[in-house]
Structures are given as C-alpha cells and as structure tokens.
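We have chain A; now place chain B onto it with these hints.
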Amino acid sequence: MTQAFLSIRKLHKAFGAFTAVHDVTLDIPKGEFLTFLGPSGSGKSTTLYAIAGFQDPTSGDVLLQDKSLLSVPSHKRNIGMVFQRYTLFPHLSVAENVAFPLRVRRRPEAEVKRKVADMLSLVRLENFAERLPAALSGGQQQRVALARALAYDPPILLMDEPLSALDKKLREEIQAEIRRIHRETGVTILYVTHDQEEALHLSDRIALFRDGRIEQIGTGEDLYLRPATDFVAGFIGNSNFLAAEHLETVDGAATVRLADGSLVSGINANGSFQRGQKTRLMIRPEAFRLDQGSNGAKLAVEIVDVAFYGERRRIVARTGAGQEIDIRPTSTALAAQDVASSHRPVFFDPGAAFLFPA
Amino acid sequence: MLLDYDRLGWLKVALLGFTTLVAAFLLLPVVFIVLLSFGSSRWLAFPPPGWTLKWYQELFADPSWIEAALTSARIATMTAILAVAIGLVASFALVRGQFRGREVLRGLLLTPMVLPVVVFAIAIYAFFLRLGLGGTTIGFVVAHTVLALPFAIIPIATALEGFDKSIEDAAIVCGASPLQAKLRITLPSIRIGIFSAAIFSFLASWDEVVVAIFMASPTLQTLPVKIWGSLRSDLTPVIAAASSLLVALTLALMIVTALLRRKLQT
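Chains A and B, in that order, are what the protein sequence lines are. Going by our numbering, the first sequence runs without a break in its numbering and finishes at 358. Going by our numbering, the second sequence runs without a break in its numbering and finishes at 1266.
Keep in mind the hints are simulated off the structure, nothing from the lab. Errors might be hidden in some of the hints.
Ranges between beta-carbon positions, derived for each pair [stated by the list, open to error]: (1) B:R1102 / A:Q277: 54 to 60 Å; (2) B:A1093 / A:S121: 52 to 58 Å; (3) A:R180 / B:Q1180: 31 to 37 Å; (4) A:R179 / B:R1262: 41 to 47 Å.
Below 27 Å or equal to it, Euclidean Cα-Cα: the simulated BS3-like pairs (lysine-lysine) are [what the hints assert, rightly or not]: (5) B:K1054 / B:K1165; (6) A:K10 / A:K67; (7) B:K1182 / B:K1165; (8) A:K115 / A:K168; (9) A:K30 / A:K67; (10) A:K76 / B:K1182; (11) A:K30 / A:K10; (12) A:K115 / A:K30; (13) A:K67 / A:K113; (14) A:K76 / B:K1165; (15) B:K1182 / A:K115; (16) A:K113 / B:K1182.
Note that CB positions come from ideal geometry on N, CA and C, so glycine has one too.
The following block holds chain A by itself, in its conformation from the complex:
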C-alpha cells in the first residue's frame, strides 16, 4: 500500500474526557530522523509510548513494514528506546547493561561480547565497560542507554527527551554524538523533545504537535521559513506579531494596513483573507534591517533598548501603535550609539513576512 517503513494511522488516545492524541496520521521512511516537537501535554510522548507499547491507543493503528504492532506486547516489538530518566540497571556494569537485551534473546556468548564491544566503541565508552552506572555522569549514562538500545539492531529507535536532564553544553555535545550515530548506523529514529533548537539541530523532519494534533510536519527549514500557522511561527524561532488589516491578496501576495496606518504589500499570505479582515503579520527578529536595501518595507519605530549579543544585537523597539517588537540585526550593521534611543525607520523584506488570521 505505502512505501512507509513505519506508519501511524489515525492514532487516537483518550484518558477519560481528555484526548491526548487526536487522529494522528504519519508515515516515516526507513532511516529517517523524525522529531516530535511540541509543548508539554501536546501528545508527542503519548504517541511515542503507543509505538513502544506502553500505552494502548483508543483507536487507530501503528504499522511497521505494513504489519500492525498493536497486538504485539512491548517486549516482543524489538524496538529500541532511550528514556528521559536514567534507566540503566543499577546493579549491572556498563557492559552487562548493554549485554542485557542480547542475553534475554539468548544470543551466543561470543556474539554478545563482540556486540557489546562494538556498541561501547560506537558511544565512545570502551574504557567504562566494568563501571557501575552510579559511577557515571548523566551524559555517560544516557550514552550507555543509547548503546543498550541499539545493541540488538532494532529497526526503530525511540528517544523520549533523553537530554532534558543534562546541562546545555553537555546536551549539545551529545546531540552531535546522536547525529553521528544516526549517520553511522542508519537506524530510523523517532525523537521527542520540547526544545526547538534540539529539534532543528537533529532532525530530518519535525512534526510539530499541538493539543494532540500535528500542526505541521516538514524539515526544519519548512517550519522556520514557511510556517503553516501562527502557532508554528511562534514555536519555531523567535517572531514578532503585528496587528494588521488585510486589504487584498493577489497571487498569494497580500497587502495589509498596519496599526500605524502604513501599507505593506508583497506579504506571504497563509490562507485566504477577506478585505478588512483582522490579521497578524509575523516578522522574524532577524528579518529586520537597519538600512533600506532593495525592496524593503518600512516600519517607523522608537528604539527603546540596544544590547550586544555577539554576532547580533538585540534591539527592543516600539512601533507607532505602541507595541514592543524584537529586532536582531547583525552587530556590524550599526554602532550601538547610533541607534540608541532614537526615532527611526527599520526595514524588512515582505517576502520573509507571513500573514495569519488573528
């Protein structure tokens, strides 16, 4: 029927009156790194747990290579999983932790030994084989958990916010490890996180969850550059929303009137709008420039605050309508004293701005 390796069909999960997952349908090709991104309670973890077999969906199906997984108990699904919390077996050494899935499968000792060595070198912890989990750092524990989850060559690896307990620097380090391991093993990964940077950094595609539904699915670029809804625009990256009145749309390019009365045309319209309809204009902070350039739309603002943030400046500005917006031009664009506390125009490319219903 489909080419999909893993297929989620109209998955629905209700806890009493609360619907956690709302008819989610999703196809995942083999070898893909797909991230479920979303705020807590958006249904991303519940979907993952339904695939792992720890939650029975109310309706719908999960197919792996066209065979339903739902009637298969968790321990026979042959799925790898890394949990949010540290789940190494506390009484077993690192090597025995990695060996555990092979031992329950009664693999021959020689194969177990070889595989454990392979896996520990994959996560670069060869020298820690005899340690007990308590003697490892949080990051090392999660790497061992990753080695354990991959030891039996599962077709799919599920990861449920595996880095959320780690500090930022360590998180980035292990993200790089996960990318490398995905590249080297080619395993299909489903990754759950609420951290958009992590999702952008790791994934081939991102499914953005909201209230039990997938709001948008696509590459990080799709979600960032072509957000389907204002929720996506607000969740991925930073964004400013300006109140605007829609005037007309021609070939997907909209013209609006901003609250200060100025007109902007050539905006990406998401959906169709009526004349006079109240809308929200989304502009990324990075899309603002301090010089006009070619075809820049103009916005008159008063600079409230300027701060230096390395490669970019962060400027807080107030529009004529009194709304504060976030502007992040490159640091080289203008010296701080030139912009501080002054009335001036800022510019943006209307092609990088999006119109959403209010």
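Only chain B this time, still in chain A's reference frame:
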C-alpha cells in the same frame, strides 16, 4: 541550621548527658543479664562473688535447650521466607497498584505492629485450636508470619518506592517479559530492602514470646518460651546464659545487616 550541634554551647553537655542516660537505661538490663550469666552465684547475686563458665556448660549439656534453640531458628527461618515472599507481592500491590481500598489494605497489613500482641495471641490461639494447628510448627510459622509481615513490607515497599519504574520499562523494551524484568532487574535493584525484610522478620519471630507461649506445646518450644518456662519453675543462671546467647545472636544479625547494607550501597 538553627539547631546546629556545634553551636549549642552548654546545651551540648546537657544533651550528651541525657542521651547517655537514655542509652544506659535501655542497655543496663542487658548488661546485667550478661554479667550474671558469667557469675558464680547460683542465686543470681549481684555483684557476682566470682566468675565462671559453668552455666554455659550446663546450657549446652541440656538437650532441651539446644532443641528449643533449633526450633526457634527453624520457625524464624520459615517465617522470614514466608514473610518476605508475601511482603514482596504485597509491596508491589501497595506501591504499584491502582485499586480501590489500597490504603485500607496497607493499614490492614500493618495492623499487627500496633495491635496489642496479647490480643492477637488469644485470638489466633482460639482460632488455631479449632483448626488443630495449635502446638504445630505450621501454626507457629503462620502466626509469626502475620506478626512479621509489617517488618517485611515496610523495607520492601520503601525500596520499591525508591525504584524508578522506567528502569523496569527499559528492561521490557530491551526484550524481557514483564516477569523476567521483575526477576532480573527490579528484585536485584531492591535487594537491600529484601535483605532487611528477611532479617527483621527473622528477628520478629526469633525473640517473640507472647504468641509463642500460646502456640507452644510440651514438645514444641521456642527459646523465648523455654526461658519463660524455666524462669517460672527454677530460677537458674542457665537462663541468664540462654538470654545472653539470644541477645548475642540478635546483635550479630543486626551488625551483619548494617555491614551488608553499607557494602551493597556503594
């Protein structure tokens, strides 16, 4: 901290004095008995006029004492095994279960700890008499298991509460059946609790006297019952020797527990 020991000043001396007094109050009778067991006076005179080991010789020469000790050990061992087995299953239900009346069940299982032992003893005596279990090893073990159950459930349930269920789930995803995951991962992880439960329930039976008096028959006596009986018939220092040995074994078990706990925790 407000009540930092190092900053208590003169109160430190008072606290130390009070603590010593309480400890002495608790320990003095035991020390007294141990000293008497080595004293040469037949009438348990204190201070002893001289020192001797003859009461211990008499104790070990009398097969009825040896038999009582062995009976105690046998009943306590069976009680420990039974209490740990039931305690384990009960703890899983109490900690993991999501059913109505869970708290009531927890209270019920822990009642033997607060119920006056003599009330329980009379009740179970009357009950076992009808069943024909009075004076039998099984009767002893069953009665002691009920008393020991709280001492088994508390450490096991505490250990299980401290064990993250995700670890068991991880074992299941790894391919272990739910039962395998419990046997190979969960039980070894809470072994300190299980071990404590075994020791405590052993001791709960080992030094239990009230229920044992009701359960005992002339042919089936535990060590505490034998001591109690001898105390009433003839007051001999052999009782002091037997009591000292009882205390010594209890103490030894507590020390072993403490050492093993320390070893297992590192």
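**Request:** Using the Cβ atoms, figure out if A:R179 sits within 41 to 47 Å of B:R1262.
**Result:** The hint (41 to 47 Å, Cβ to Cβ) holds, given that A:R179 and B:R1262 are roughly 43 Å apart.
**Request:** Verify the proposed pairing of B:K1182 with A:K115, using a straight-line Cα cut of 27 Å.
**Result:** holds, 25 Å
**Request:** Please test the hint of 52 to 58 Å on the beta carbon pair from B:A1093 and A:S121.
**Result:** violated, 44 Å
**Message:** Check whether the Cα positions of A:K76 and B:K1182 lie no farther apart than 27 Å.
**Reply:** Holds - the C-alpha atoms of B:K1182 and A:K76 are around 16 Å apart, at most 27 Å.
**Asked** Has the given pair, A:K115 with A:K168, been kept, meaning a C-alpha gap of at most 27 Å?
**Response** violated, 31 Å
**Prompt:** Between A:K113 and B:K1182, is the straight-line Cα distance small enough, at 27 Å or below?
**Reply:** Between A:K113 and B:K1182 the Cα gap is close to 24 Å, so the pair holds against 27 Å.
**Prompt:** Taking only the CA atoms, is the gap from B:K1182 to B:K1165 under or equal to 27 Å?
**Reply:** With a Cα-Cα distance of about 10 Å, the restraint between B:K1182 and B:K1165 holds, given a limit of 27 Å.
**Prompt:** Taking 27 Å as the top limit, are the C-alpha atoms of A:K30 and A:K67 close enough?
**Reply:** Since the Cα atoms of A:K30 and A:K67 sit roughly 15 Å apart, the hinted pair holds (cutoff 27 Å).
**Prompt:** When you check the alpha-carbon spacing of A:K30 and A:K10, does it fall within 27 Å?
**Reply:** Holds - the C-alpha atoms of A:K10 and A:K30 are around 20 Å apart, at most 27 Å.
**Request:** Could you check the hint for me, namely that A:R180 and B:Q1180 are 31 to 37 Å apart, CB to CB?
**Result:** Given range 31 to 37 Å: holds, Cβ gap about 33 Å.
**Agreement of A:K76 and B:K1165 with the hint, judged by alpha carbon distance not exceeding 27 Å** = Given that 27 Å is the threshold and the Cα spacing comes to 19 Å, the pair holds.
**Prompt:** Is it true that the CA of A:K115 sits at most 27 Å from the CA of A:K30?
**Reply:** holds, 23 Å
The structure is inconsistent with the numbered hints 2, 5, 8, 13, although it conforms to all the rest.
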